[in-house]
Amino acid sequence: MQPISRGQQLRARTFRSMGTVVSLTMASNRYAQTAVDELESAVDVVESIFAHLDLTFSLYRTGSEASRLARGEIMLAYTSETMQELYAEASEWRLATDGAFTSERPDGILDLSGIVKAHAMREAAFSLRALGLTDWCLNAGGDVLVSGTPGPTAHEPWLAGIVDPLDRQALLGAFPLASKSALATSGSAERGEHIWAISGAAPEFAQVSVAASDIVTADVLAAAIVAGGTRTLDQAVEKWGADVLAVRRDGTLLATPEFRNAA
Amino acid sequence: MATALASAGILLAGWQSGAHIAETGTSTTTSLSSSASTGGSAASGSTGSSGSAASGSTTAATYDGASVQTRFGTVQVQVTIQDGKITEVTPLQLTDAERKSAQISSRAAPVLRSEVIQAQSANVQTIGGATVTSDAYLTSLQAALDAAHF
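Sequences listed follow chains A and B, in order.
Residue numbers for the first sequence follow my numbering, so the first one is 1 and each next one is one higher.
Residue numbers for the second sequence follow my numbering, so the first one is 1 and each next one is one higher.
Among these hints, one or two may not hold up.
Stated by the list, open to error - Partial list, computed: chain A residues near chain B (C-beta under 8 Å):
| hint | residue |
| --- | --- |
| 1 | Cys137 |
| 2 | Ile162 |
| 3 | Ala174 |
| 4 | Leu183 |
What the hints assert, rightly or not - Covered stretches of chain B (in silico footprint by chain A; criterion: 3 or more residues with CB under 8 Å from a CB of chain A, positions within the stretch not fixed):
| hint | segment |
| --- | --- |
| 5 | 110 to 122 |
| 6 | 130 to 140 |
To be verified - Sample of chain B residues lacking proximity to chain A, with all beta carbon distances greater than 12 Å (derived):
| hint | residue |
| --- | --- |
| 7 | Ala60 |
| 8 | Ala61 |
| 9 | Thr80 |
| 10 | Gly84 |
| 11 | Lys85 |
| 12 | Thr126 |
Think of the hints as simulated: they come from the structure by calculation, not from any bench.
Glycine is no exception: its CB is placed at the ideal position from the N, C-alpha and C atoms.
Kindly generate the complete structure, drawing on both the sequences and the hints.
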């Protein structure tokens with residue numbers, strides 16, 4: 001076993017869950033095999049958190065609690081504690097965003113999948129910290145939550161590129177995850193069924209990225225801004241201090257200062 | 001008035017970055033760019049130091065910036081310079097979308113792509129974007145990064 005050179009190496013492992021792919025990236029300057037073992041045991045923990053929540057909340061699994069609830073076979077009051085807590089959290093966000101964020105589909109079915117993935121990331125972060133891991137980057141289908149830096153001795157924060165919605169092989173911009181450790185992006189193009197403009201009109205934004213200090217806030221606000229447009233964007237910035245990079249459908253951009261080049 | 005000033009600032013910034021893109025263009029563009037920035041610093045308060053602008057030329061000169069095609073439309077401004085100071089910035093061409101978005105939010109301002117923090121995929125550790133499906137992941141930039149980090 002050779003020690004990794006001083007230029008620290010990033011390692012990533014991935015797994016499929018919730019209809020997308022989740023990646024955990026960690027830096028290490030330890031012995032290669034130790035670093036791999038540490039990463040692989042960490043990703044196992046994260047995967048089990050995602051798998052467990054997916055079993056409960058997936059509407060694609062006919063036997064899941066969410067599916068049984070949707071069919072009216074059980075009442076919310078008799079569901080699991082996690083289901084009730086996430087329902088309550090989603091309802092609070094719906095009120096706080098004046099209805100721009102909602103977990104109710106147009107057909108009336110309760111669909112918490114918009115918040116479950118972010119919740120899974122939040123739970124994963126607790127577990128990674130409990131394992132004593134301080135420097136990692138978790139990416140779940142394009143939503144990003146980080147801790148520390150890309151290496152024990154790195155001084156630069158994790159830097160996330162943001163995909164250009166008009167050319168998915170290109171980057172629109174980047175965001176350094178320093179004081180805000182969570183970055184979530186919602187689009188009206190891909191998986192458009194997740195977001196419905198409140199007015200029923202075509203969404204104003206093609207893509208909205210939100211940086212916040214926690215992943216659920218970032219995720220909820222990104223979805224809310226796609227549905228609620230500029231009014232919700234202003235609310236997100238003023239009320240929650242979020243940083244936002246929004247791409248209008250005509251390709252023009254709106255950005256808060258943290259997304260802009262230092263002058 | 002404050003709104004007008006703010007949008008003038010945005011226009012100027014947009015125009016300057018546009019001029020930067022068009023660096024390989026005519027020499028007029030380049031010289032305009034430098035006189036605009038000189039004027040800009042003088043306009044920001046140090047009126048006393050504008051003497052270098054010179055020997056008695058008090059006539060105002062008007063310059064048209066080069067029309068720059070940006071990804072978001074054509075951006076061109078007209079700058080009036082008097083005594084080395086920019087006295088007026090007038091938009092000559094601006095897309096409707098930019099006019100509208102200039103008024104929208106004081107905190108989240110309209111920006112040109114060149115004003116957003118840029119990075120190449122080789123310089124980032126992760127990729128944010130709207131949720132990709134497992135299938136779409138295979139051809140995504142994130143998949144390439146994950147493979148590189150295996």
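Checked hints:
Given hint, Cys137(A) at the interface with chain B, holds; its Cβ is 5 Å from that chain's nearest Cβ, closer than 8 Å. Annotation: interface hint on Ile162(A) holds; nearest CB of chain B at approximately 5 Å, less than 8 Å. With a least beta-carbon distance of about 4 Å to chain B, the hint placing Ala174(A) at the interface is held under the 8 Å criterion. Taking 8 Å as the C-beta contact cut-off toward chain B, the hint placing Leu183(A) at the interface holds, the least distance being around 5 Å.
Given as covered by chain A, the segment 110 to 122 of chain B passes the check, having 11 residues with a CB less than 8 Å from a CB of that chain where 3 are the minimum. Interface restraint, the segment 130 to 140 of chain B with chain A: holds (8 residues with C-beta to C-beta distance below 8 Å; minimum three). At the 12 Å boundary, the C-beta of Ala60(B) stays outside the reach of chain A, the nearest C-beta of that chain being 28 Å off. Distance to chain A confirms Ala61(B) as a non-interface residue, since its nearest Cβ pair spans about 27 Å, more than 12 Å.
Every CB of chain A lies more than 12 Å from the CB of Thr80(B), the least distance being 24 Å, so the non-interface label holds. With a least CB separation of 22 Å from chain A, Gly84(B) remains clear of the 12 Å interface cut-off, as annotated. The beta carbon of Lys85(B) is kept farther than 12 Å from every beta carbon of chain A, the shortest such distance being approximately 21 Å. Under the 12 Å C-beta cut-off, the non-interface status given to Thr126(B) relative to chain A is violated; the minimum distance is some 5 Å.
The structure is inconsistent with hint 12 alone, although it conforms to all the rest.
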